[in-house]
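Protein chains: 2
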Amino acid sequence: MFELVRNLVHQHEQVVPVSMFVALLCLCLVIGHLLEENRWVNESITAIIIGSIAGTVILLLSKGKSSHILRFDEQLFFIYLLPPIIFNAGFQVKKKQFFQNFITIMLFGVIGVFISSAIVTAGSWWLFPMLGFGGLTPREYLAVGTIFSSTDTVCTLQVLHQDENPLLYSLVFGEGVVNDATSVVLFNAIQQLDVSRINGQTFLKLIGDFIYLFSTSTALGVGFGLVTAYLLKTLYFGRHSTVRELAVMVLMAYLSYMLAELLVLSGILTVFFCGILMSHYAWYNVTESSRITTRHIFAMMSFVAETFIFLYVGMDALDMEKWKMTRQSLGTLMASFSTLVFLILLGRAAFVFPLSVVSNYMNRRPNMPTPLTFKHQVVIWWAGLMRGAVSIALAFKQFTFSGVTWDPISAAMITNTIIVVLFTTLVFGFLTKPLILCLLPRVSDTSDGGQGSKSPKEDLTLPLLSSEESATSNVLREKNSLSMLIGRPVYTVHFYWRKFDDKYMRPIFGGPRSSLPEC
Amino acid sequence: MFELVRNLVHQHEQVVPVSMFVALLCLCLVIGHLLEENRWVNESITAIIIGSIAGTVILLLSKGKSSHILRFDEQLFFIYLLPPIIFNAGFQVKKKQFFQNFITIMLFGVIGVFISSAIVTAGSWWLFPMLGFGGLTPREYLAVGTIFSSTDTVCTLQVLHQDENPLLYSLVFGEGVVNDATSVVLFNAIQQLDVSRINGQTFLKLIGDFIYLFSTSTALGVGFGLVTAYLLKTLYFGRHSTVRELAVMVLMAYLSYMLAELLVLSGILTVFFCGILMSHYAWYNVTESSRITTRHIFAMMSFVAETFIFLYVGMDALDMEKWKMTRQSLGTLMASFSTLVFLILLGRAAFVFPLSVVSNYMNRRPNMPTPLTFKHQVVIWWAGLMRGAVSIALAFKQFTFSGVTWDPISAAMITNTIIVVLFTTLVFGFLTKPLILCLLPRVSDTSDGGQGSKSPKEDLTLPLLSSEESATSNVLREKNSLSMLIGRPVYTVHFYWRKFDDKYMRPIFGGPRSSLPEC
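Sequence lines, in order, name chains A and B.
So that you can map any letter, position 6 of the first sequence is 6 in our numbering, and since no number is skipped, the others follow by simple counting.
Count along the second sequence from 1, add 1000, and you get the number used in our numbering.
Keep in mind the hints are simulated off the structure, nothing from the lab.
All C-beta atoms, glycine included, are put in the ideal place defined by N, C-alpha and C.
Keep in mind that the hints are not guaranteed to be accurate.
As the list claims (entries may be wrong) - Over 10 angstroms on every C-beta distance to chain B, these chain A residues come out as not near it, computed from the model:
#1 MET106
#2 ILE207
#3 PHE342
#4 PRO371
#5 LEU440
Claimed, not checked - Listed next, the stretches of chain A that the computed footprint assigns to chain B, with coverage defined by at least 3 CB atoms under 8 angstroms from CB atoms of chain B:
#6 168-180
#7 259-265
#8 282-294
Just chain A, same shape as in the assembly:
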């Protein structure tokens, strides 16, 4: 009898939380679907609200003891939830637009994170002690900067229309991905920094570490993508079973992430570039049904992982243990929270507007209006105000040990992070649509009709093919004038890359020959 009870308790240890999360995920899906037409509320908001309600119920059932049934382990996040999200971003990215706007995206995604985290770090370092909220170490202030510089652009992407604002959409999407990677890489670089002696060299060391991590991680991802493509092309698994080629793609993508983590590189960058390479080469070496399947598998895994994270954030918001442990008055907590939100607004404004000017200067064309108008800049600024999963995960990594913290200051920082994520997702998220409607009025007119008429299948399979084709014609149009070639270096690089790709890469690694004529 004892054995039976022991077995039951032991067995239910994992079964109860897993079942509950799966059931809540199903609920999120159904409600998210029903609210699809209502663009004020997006999936993240739905998940956070359902999570909070579930948290309240658990809190009441456990009589005020605990609101969560699963301890947040940043391992769970970094090992299982983040890889599919980032891989999918790389896999589904519109490569042509991504690479055409590469410089602007890098400006926002890399330089922007540096500026924003410098401002958040400096601001919190200066303001927190004045609010009676001190005691953070220099390393922790630096970490706070990166934690609150990682953005979550999902909200804005749901409102922006790719067809009507291709440039804006591409910038917001591209920045979102690069920003995630940069924040994590910068966070890791800070972890390895010797903060006891901060001086000019420290900053140089940080930049050096960052560049090292960035380039090696990218190289690893590219390498993995090419190896997978080569394997799939030479062995042609599909001959015997589609199952095997699918498994190879999924497992190799995951292996690239894990290997990067093992080598203390940035798995996030590795898996992003692995995704790009796989969709550029490997994807063409598999059977037709595997192509459809991979697009959907990766999109689904990414979607479920994202929803899970927001569900968890909502549930964790009511974690009484952490609230009690902060040992701070509500006033101090509110003050530190308001300071952080202010710093986020300021930190983002401090790079979006200046860097847009730089981008406009670089992308200038004679007799043409500037690509990024002031209204566009406001949308870009707004799009990056939401904080999401990466912030939470970095905060847990910095301030807890396997999700547990006993230090009041760390607990306060976790609580702060969760409130910031909740506030920005809910309040800024709600305001996103009205704001964009107001700034870019044309978008709204056709938004509902456009969404309805587009079949989901098209949505997922067309982008890759169509972008490939139009890239060539674009480059050809540009080529007619030598002066434009010189004036717009990105296009030139793109043009020569495509020639190289066609001549050497695609024959080895797979992919259709583009219609670029021989010169």
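Once you have looked at the hints, place chain B on chain A.
Quick look at chain B alone, frame taken from chain A:
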């Protein structure tokens, strides 16, 4: 510095084993693909051999300390690996053939397991103490019976050809699935049994528990399948995004399993019937690309889970800790192992041949040869001799606590189970092809050509549709003679079920109307 080291150690705790398993899985895939033409070696054998080699390498690197880097937790198996395997079996099963041979499959899969485990239990109870290997409790002897009655038919299914031996294939496949479910349900029923007083009532109680578990689990699975189908049909998620309908199918299937486990029912049966219902109704309510994707996702997950298990078994075979802990001479261990293999051979023969006679009697047709010849019976007997993942998992559940055991007898039983799985998979697995070639010579002639010409896409999408259509014509042919209807009750039930399905179920839950004319 201390913090960094702590972070690294903590982070690598999970990263190292996960990366290694993913890398080994990739290796298995590639080698499995290269050996595809060689039918002597199948995926299970490849995975076991690669696992053993990896285990040896780890054993040498750790200087004889340990051969495994991941502790086997039967939770991992029952919560994450088994559900996709069984769900996929239900989802891909050819429903027409499965239900036409339902009675024979149930005879082998349910009654057979009872007979086989009675023989293994009685045999080991009688023989083990004579070999100097005693000390098992009555409950453990009963558990040993079920542990060694669950079969692994993958090996045989790879050699048999569905088109040439539809009846045989369907029986071996169907028995394999029902057998897994029955073993687990029987195992759980034994766990709940009061073994201190074994008498006639105990046996009745066991049968009663078994029937209760079997019927409630099936009902739950059917319910979940119908709810999912209804949700997908009424809400039509695909209107907005295919991702959501995919996620709903995957999550609901998983939820059915978890809920069954939570209610102390048999998740394996629930998820199997959920799979059947989903492929019968829900599958028709999703977009075209989701249909292709689901078939492949489930097949891939099942494949990866299976390969993972065999990889683990191979690695665990060299677990020195367990070998040392058994504290038994190699002679005793060999004797108990040989006894088990003998009992497996005997236990299976004891039901296959008698039950085949029963099946032949029930399926007799005038002026037609008996459906199951003696050669067929030998193939069925042989097909179920291999022991696999379910045996391992049940053994770990019975004899360890979260993969750890300190008891020499339990350690010996785990070691025995692993040797039996290794031996049957490797030796019997190797002999499967020559045996079938010898017994059913026709199969071999076209096996290579047939396999080569069939595209994998056809392989995965056709079965469901074609079997639906032919079912109707079959039933109509039968209907011409009333005497045959009476003589063959299965067909009659099938016919009326299809009428009911067409008239009431499909309009509510989805699926194409069959071409059955109104009577």
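_Violated hints - listed by number, lowest first_ = 6
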